[in-house]
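So the chains spell out like this:
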Amino acid sequence: MSRLTRLPSVAYAVFIYSFLYVPIAILVAYSFNDSKLNAVWKGFTFAWYAKLWTNTSILEAAKISLTVGFFSTVISTMLGTLVAVGMYRYRFRGKGMIDAMLYVPLVMSEIVMGIALLAFFSMIKVPLGMGTLLIAHITFSIPFVVVVINARLKGFDQSIEEASKDLGANEWQTFRLITFPLLGPAIAASAMLAFTISIDDVIVSFFVAGPDSTTLPLQIFSMVRHGVTPEINALSTLMLIVTLTFVVFAQKLQTRKR
Amino acid sequence: MSVPMVELKNVAKRFKDFVAAENINISVESGEFLTLLGPSGCGKTTTLRMIAGFEQPTEGEVWVNGQMVNHVEPYKRDVNTVFQSYALFPHMSVFNNIAYGLRMKKVPKSEIKERVEKILKLVQLEKFSSRKPHQLSGGQKQRVAIARALVNNPKVLLLDEPLGALDLKLRKQMQVELKHLQQELQITFVYVTHDQEEALTMSDRIIIMNDGMIEQIGSPTEIYERPKTRFIADFIGETNLFEGAVTRMDDQFVYVNCASQEIKVHREFTSDLSDQVSIAVRPEKMKILPAPDEELTAIRGILREKIYVGSVTKLIFEFPNGQHVTVNETEGHRGMSKIGDQLYIGWHPKDSVILRA
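Residue numbers (our numbering), protein chains in the order written: chain A, 47 to 304; chain B, 6 to 362.
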């Protein structure tokens, strides 16, 4: 490529990446700003991070987010793995349809899902709280788990399991020694993905959380109504780091050499 | 007579609306190299999988070493399988792949080490025991797959197109190695392939399958020289087929009218005697004659084409009825005929067979 044509394409790339990352960079930068305002830079400080540790409502929300995140991850990973393995191994009538229906929640508008779950819970008269929050998070995490495990199973040679049985291993030994280790990275990756989306979720949680089960994103959301403070910047930065870590690990696990 | 190592009695396998195998009666002797040969979809792999235990027969009985195994799980059968895709465990080293079966059988550690090392030596992979499957070449993976099955001292080794993924040269080399291995270890081999040359090279007996049925069981020579059906004559090697009508027969010969000439075929080489029949003759059994011959069957044809394929030159002749035949040019005749020549093509009646048209 000549220099003349390279210049616009470089400029274009810079523009796109700036668009994506400059706002985030500003947010991170201002979380270290020694000023109550997001407008001017007054110096570097960790004060806002320290202040987070003394804010009981934020700590409480963090605890709820982590608890819900942990349990919804464990449960949705288990359920999703079983679904994916079952879909891979068995053939039955209407499989295509049922398989496709698994992925609908992935593209369905979150607000619709939130309202639907809310209507459902009030119909069966379950009071909103940690329980409903957990169920909702499990619900929207399962499709993600299935997608990740499925991708791994697609490249999985079925005769590997047969070879194991042929060599004297029973069903359980085959699962423990062959299938599980081979699916392991995908299971871990899907768990990390499930945790990330649970920790990040605002909209569905907004509908199904009770007054005593405010998650971290919901807490941030309500704090923002009174203006974006450096404290929120600090909290958002922390969340960003947690999410990024998990996503990077999940990616690494999925692309790891077999 | 001793008990057969593997026996299939009236076995059939049907999937919903599809018959994969029907009327399968096979008896494999101990130490025999038996090949199931046929085009893809003929039911040979399904048959093998029923012996291994991965498929349950819809009908009939499967016996291994004097025991009916219809309801015995694959992991409790005295057979081991070499899979077409090798099916090596990707997360285990070569050593652990091979040791897997022995560990499942709770063989003592020291014995496992000894047996794995011995078999690694046998397949010439001593230096690769700590490698992972993805660090091996196709031929090496193949050897690991064979070693992993053989280390268990199975009564029967089942091989499902084990050489299918290798290139021609390596395949030929492995064919010889496998055959030697089988003779050395005296293990019964049931081998599935669609490669007729492979089957002829390696087997003690061949079973030809087509459309889920057995077409013929016989030694490689019988299969090649006395095919029982048109399908086999066509599938195994090259063959010239002429159609004709049976005109008469005597004690020794059957006479068939073909290309307005009478062709005689030995009666014993006749598997069907309806009015309309096919006669099959291998190209290498035909030769160009200077004149009609008492002993031989001869038909006059016009040389239409010469095809050089390296080891031989193939001559394509046209008979008066428009039928084309292929004749391999013999050493003595090399370069003597040219396109358009009218020549006699002859063969001995014992080199032809009559088949259903």
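These aren't lab readings, by the way, just hints derived from the structure by calculation.
Given the structure is predicted, the values throughout are model-derived calculations rather than measurements.
It is possible that part of the hints are untrue.
Unchecked claim - Straight-line alpha carbon distances no greater than 27 Å define the calculated DSSO-like cross-link-like pairs of lysine-lysine that follow: (1) B:K177 x B:K132; (2) A:K298 x B:K137; (3) B:K137 x A:K200.
Stated by the list, open to error - A partial selection of chain B residues facing chain A, derived with a Cβ cut-off under 8 Å: (4) P9; (5) S35; (6) A57; (7) F59; (8) P79; (9) Y80; (10) F88; (11) P95; (12) S98; (13) F100; (14) N157; (15) F236; (16) T331; (17) R339; (18) G340; (19) I344.
Said to hold, decoys possible - Simulated DEER-style distance windows between Cβ atoms: (20) A:N216 x B:N158: 28 to 36 Å; (21) A:P257 x B:Q61: 36 to 44 Å; (22) A:F65 x B:D200: 30 to 38 Å; (23) B:Q61 x A:G230: 26 to 34 Å; (24) A:R222 x B:N158: 24 to 32 Å; (25) A:Q297 x B:S142: 43 to 51 Å; (26) A:Y136 x B:D200: 49 to 57 Å; (27) B:M218 x A:V120: 50 to 58 Å; (28) B:D209 x A:Y136: 49 to 57 Å; (29) B:Q61 x A:F221: 29 to 37 Å; (30) A:V120 x B:Q129: 47 to 55 Å.
Just so you know, even glycine gets a beta-carbon here, dropped at the ideal spot from N, CA and C.
key: List of violated hint numbers, smallest to largest   = Numbers 4, 5, 12, 13, 15, 16, 17, 18, 19, 20, 21, 22, 25, 26, 28, 29, in rising order.
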